[in-house]
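Chains as they are written, first to last, in numbering that gives the first Met the number 0: chain B, 0 to 404; chain E, 0 to 404.
Please keep in mind that the hints were generated in silico from the structure rather than gathered at the bench.
Among these hints, one or two may not hold up.
Negatives, chain E to chain B, calculated, CB over 10 Å [as the list claims (entries may be wrong)]: (1) 203; (2) 235; (3) 240; (4) 267; (5) 388.
Derived DSBU-like pairs: lysine-lysine, alpha-carbon spacing no greater than 35 Å straight-line [said to hold, decoys possible]: (6) E:400 <-> B:356; (7) E:328 <-> B:3; (8) E:400 <-> B:239; (9) B:398 <-> E:328; (10) B:299 <-> E:402; (11) E:11 <-> B:239; (12) B:404 <-> E:3; (13) E:400 <-> B:96; (14) E:9 <-> B:239; (15) E:106 <-> B:101; (16) B:239 <-> E:239; (17) B:299 <-> E:328; (18) B:214 <-> E:83.
Here the structure is a predicted model, which means the values were calculated and not measured.
We put the beta carbon where it would ideally sit given N, CA and C, even for glycine.
Protein chains: 2
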Amino acid sequence: MINKLYFESKDKEIEKRAFKAIKREQDTIGYYSLPSQNIDYIEDYCNSIDDNIEAIAVIGIGGSSLGAKAVYEFIKPVEELSRKLYFFESTDPINIKNLLDKIDLDKTHFLVISKSGTTVETFSIYKYILSLQPDNKNYTFITDPNSSLEKYAKEIEAKVLHLPDSVGGRFSVLSVVGLVPLALCGIDIDGLIKGAKSVQNSFFQKGYLEDILLKKASFYAKNHARYNINCIFAYSESLKYFCEWYVQLWGESLGKRQRHSAFNVGLTPIGLIGPKDQHSFLQLIMEGTRNKSVTFIQIKDFQNDIEIPDISLPHLESLDTLNNLSFSKLINMQCNSLIEALDAQKDIPLDNIILEKVDSQTIGKLIYYYELLTSLVGELIDVDTYNQPGVEVAKVILKEKLKEK
Amino acid sequence: MINKLYFESKDKEIEKRAFKAIKREQDTIGYYSLPSQNIDYIEDYCNSIDDNIEAIAVIGIGGSSLGAKAVYEFIKPVEELSRKLYFFESTDPINIKNLLDKIDLDKTHFLVISKSGTTVETFSIYKYILSLQPDNKNYTFITDPNSSLEKYAKEIEAKVLHLPDSVGGRFSVLSVVGLVPLALCGIDIDGLIKGAKSVQNSFFQKGYLEDILLKKASFYAKNHARYNINCIFAYSESLKYFCEWYVQLWGESLGKRQRHSAFNVGLTPIGLIGPKDQHSFLQLIMEGTRNKSVTFIQIKDFQNDIEIPDISLPHLESLDTLNNLSFSKLINMQCNSLIEALDAQKDIPLDNIILEKVDSQTIGKLIYYYELLTSLVGELIDVDTYNQPGVEVAKVILKEKLKEK
Chain B
0 MINKLYFESK DKEIEKRAFK AIKREQDTIG YYSLPSQNID YIEDYCNSID DNIEAIAVIG
60 IGGSSLGAKA VYEFIKPVEE LSRKLYFFES TDPINIKNLL DKIDLDKTHF LVISKSGTTV
120 ETFSIYKYIL SLQPDNKNYT FITDPNSSLE KYAKEIEAKV LHLPDSVGGR FSVLSVVGLV
180 PLALCGIDID GLIKGAKSVQ NSFFQKGYLE DILLKKASFY AKNHARYNIN CIFAYSESLK
240 YFCEWYVQLW GESLGKRQRH SAFNVGLTPI GLIGPKDQHS FLQLIMEGTR NKSVTFIQIK
300 DFQNDIEIPD ISLPHLESLD TLNNLSFSKL INMQCNSLIE ALDAQKDIPL DNIILEKVDS
360 QTIGKLIYYY ELLTSLVGEL IDVDTYNQPG VEVAKVILKE KLKEK
Chain E
0 MINKLYFESK DKEIEKRAFK AIKREQDTIG YYSLPSQNID YIEDYCNSID DNIEAIAVIG
60 IGGSSLGAKA VYEFIKPVEE LSRKLYFFES TDPINIKNLL DKIDLDKTHF LVISKSGTTV
120 ETFSIYKYIL SLQPDNKNYT FITDPNSSLE KYAKEIEAKV LHLPDSVGGR FSVLSVVGLV
180 PLALCGIDID GLIKGAKSVQ NSFFQKGYLE DILLKKASFY AKNHARYNIN CIFAYSESLK
240 YFCEWYVQLW GESLGKRQRH SAFNVGLTPI GLIGPKDQHS FLQLIMEGTR NKSVTFIQIK
300 DFQNDIEIPD ISLPHLESLD TLNNLSFSKL INMQCNSLIE ALDAQKDIPL DNIILEKVDS
360 QTIGKLIYYY ELLTSLVGEL IDVDTYNQPG VEVAKVILKE KLKEK
């Protein structure tokens, strides 16, 4: 993983402060140590699931689904996986019915994931699916120790797995929340952890990424009022759900009231996919208000590459320059051309992340990189990166409405 | 279609100016009159396609694919369609190979859509697919009259359809660009046009929407510096690709240099899906910087509704309030609870669009509504809504790189 910054940032004092703060956080915030966890118990758990199970279905929303989905959708297009993975994460009735049409209930194992154990979406879906086959035992529950959900699971003698201490939903992909569904589908979770570990080392042990992450975070924080929109522009369709995970991580961690002021602050995340969004959002970046930074993500080796054939079409000879070019070269040339074009504008902060290839280690690195960046920026804009008080109000109103009905 | 505004806006003079300007535009900008076109020729064309064709594949990018995709993905979950529709819109080799694995080349008709006739993405994909079966005649080309692509198509004796005059890519879904792929899949394009027509009438003939659209556009324009991010929060998974279409329409139309100044202006579109994004982006709206407006979109009647069963789970009795509730009621209650919660903040401009149900007319209305809104705002922020000069620079650099290689 290479990360090149196209902007200048020099503020050693701020960088030092951020580094110190997140070193301190390591004792209380659980996600930092996930790359060092022992995951043997996940393997044991997976072996306990019947071989006749062909599909895994996560019933969960937000932090309970976005991480596993990001990894699954990245790996699935290039690897033959042992099981399919589905996500029930909406109360949209059309969506629920369509997902149910795709699976065979007898051959599906359900993972009901809810930290608190009382998520409205998760339990309305769970109740519905349970009613279709009340005797079905293919359920595992993932929740906090001693939650009401754990008590329920124990009462019905179902399997329960625990979330680790002090790991928030959106930082939980490298915990049981993400690892269990992924491992059940045959995804190499050792690789995932290994990738995260290498970024952890590179940052905390004064490796390559320390300097880059600190520079990037301090630039984003110092310029948060001007560049308040941070776009990822990923040149691979497989990173579409990684972008959704990023949107939750960034938006929910950084959008809140400052700890030591009355200010509402925040940085707005946007996920774009190239080259498609060159024909959509790009115009706004290039000529719109100068309030956006852009991080390009490229894949060096697409593994299953194909080549544009040497065909000349009458009247379209100008396109012959494409001939004999591999698609992976073309897509990276498109990305590099856009970086050049935007860099020439001088006032759009850019950086470029180059991933080696499409595998678990690579996505593990990218995930941990973004978690660290989020923690650093959160520290420097003075917010509590790990809470989400703003989502409660609507939940309370809904509960009232449900009681009244 | 009902649209309720939760913010005040009173500036009759500005509203009049915008209305006059877009009335004037009707003579030169082609999309306005699309609801009045005769579409018999599309039916004739569709009848000319062999019955053994099981799938339609669009090779096109941006304005050539996003509109049809938005409609198709809205309708597909509720209707049995006669053919499947695929979109080749990326140079990502993994994506191209995965799409090709899904289709049978002998039973697929390809629509190669390119206004200019020289889009790099479209032709690299076309050449690759052509090379797999050089004798395959299942291609139709959609392009501007007299483009090099038309000349090529004529030379190989393939079918050609023309884009109407003065209709830009992102405003072209109600033209041949969107109607042909949709009609070939059995989607009711008459309904689509009829829906658009009803919004057109309601706006231009002093109907219900005139007042609302003018108020909304003038509010967005007058407050563009403060509320520079405009979110759609759609409570239906089926509107996911509508949101992608909206992002292109809004971002590419409104992000540019003003006509009469040196300012770069723009409004940033964001598409969110509820209730999922209540567990993601919502925190940022609720407690982040106050620079976002939110338009909620709800569906009144989900047609295929299902109900949460009357099951009480031990230790989870607090969730019994969900019992016997239909999912369509629940999802709309979630949306209404969030509207209440955000409205109480007082400084987040909200509005709410309620769609009757999931069908072609409904999505036709929504499309034309957003096209009109975009034109109105473009007029009031003084940009040329219909061009996209900012996307050219990267294309030129790419062409140079291709020549050098």
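* To do: Could you grab the alpha-carbon distance between residue 404 of chain B and residue 3 of chain E and see if it respects the 35 Å cut-off?
  => 24 Å, holds
* Taking the closest pair, is the beta carbon of residue 240 of chain E still more than 10 Å from chain B? -> 12 Å, holds
* To do: Measure nothing beyond the straight line between the CA atoms of residue 400 of chain E and residue 239 of chain B; if it is 35 Å or shorter, mark the hint as holding.
  => Given that 35 Å is the threshold and the Cα spacing comes to 27 Å, the pair holds.
* Restraint check for residue 9 of chain E with residue 239 of chain B, where alpha carbons must lie at most 35 Å apart -> 41 Å, violated
* Any Cβ of chain B at or closer than 10 Å to residue 203 of chain E, or is the non-interface label fine? -> Given a closest Cβ separation of 28 Å, the condition holds.
* Please settle this one: residue 388 of chain E was flagged as non-interface, so is its CB more than 10 Å from every CB on chain B? => 7 Å, violated
* Asked: Given the proposed pairing of residue 299 of chain B with residue 402 of chain E, does the C-alpha separation stay at or below 35 Å?
  -> 22 Å, holds
* Take a quick look at whether residue 400 of chain E and residue 96 of chain B sit within 35 Å of each other, Cα to Cα. => Roughly 49 Å between the alpha carbons, so the hint for residue 400 of chain E and residue 96 of chain B is violated.
* Asked: Hey, does residue 235 of chain E actually stay past 10 Å from chain B on C-beta?
  -> 5 Å, violated
* To do: Could you grab the alpha-carbon distance between residue 299 of chain B and residue 328 of chain E and see if it respects the 35 Å cut-off?
  => Roughly 47 Å between the alpha carbons, so the hint for residue 299 of chain B and residue 328 of chain E is violated.
* Asked: Taking 35 Å as the top limit, are the C-alpha atoms of residue 400 of chain E and residue 356 of chain B close enough?
  -> 23 Å, holds
* To do: Decide if the proposed pair is consistent with the structure: residue 106 of chain E and residue 101 of chain B, CA atoms, cutoff 35 Å inclusive.
  => Holds, at about 23 Å.
Hint compliance for this structure: hints 2, 4, 5, 7, 11, 13, 14, 17, 18 are broken, all remaining hints hold.
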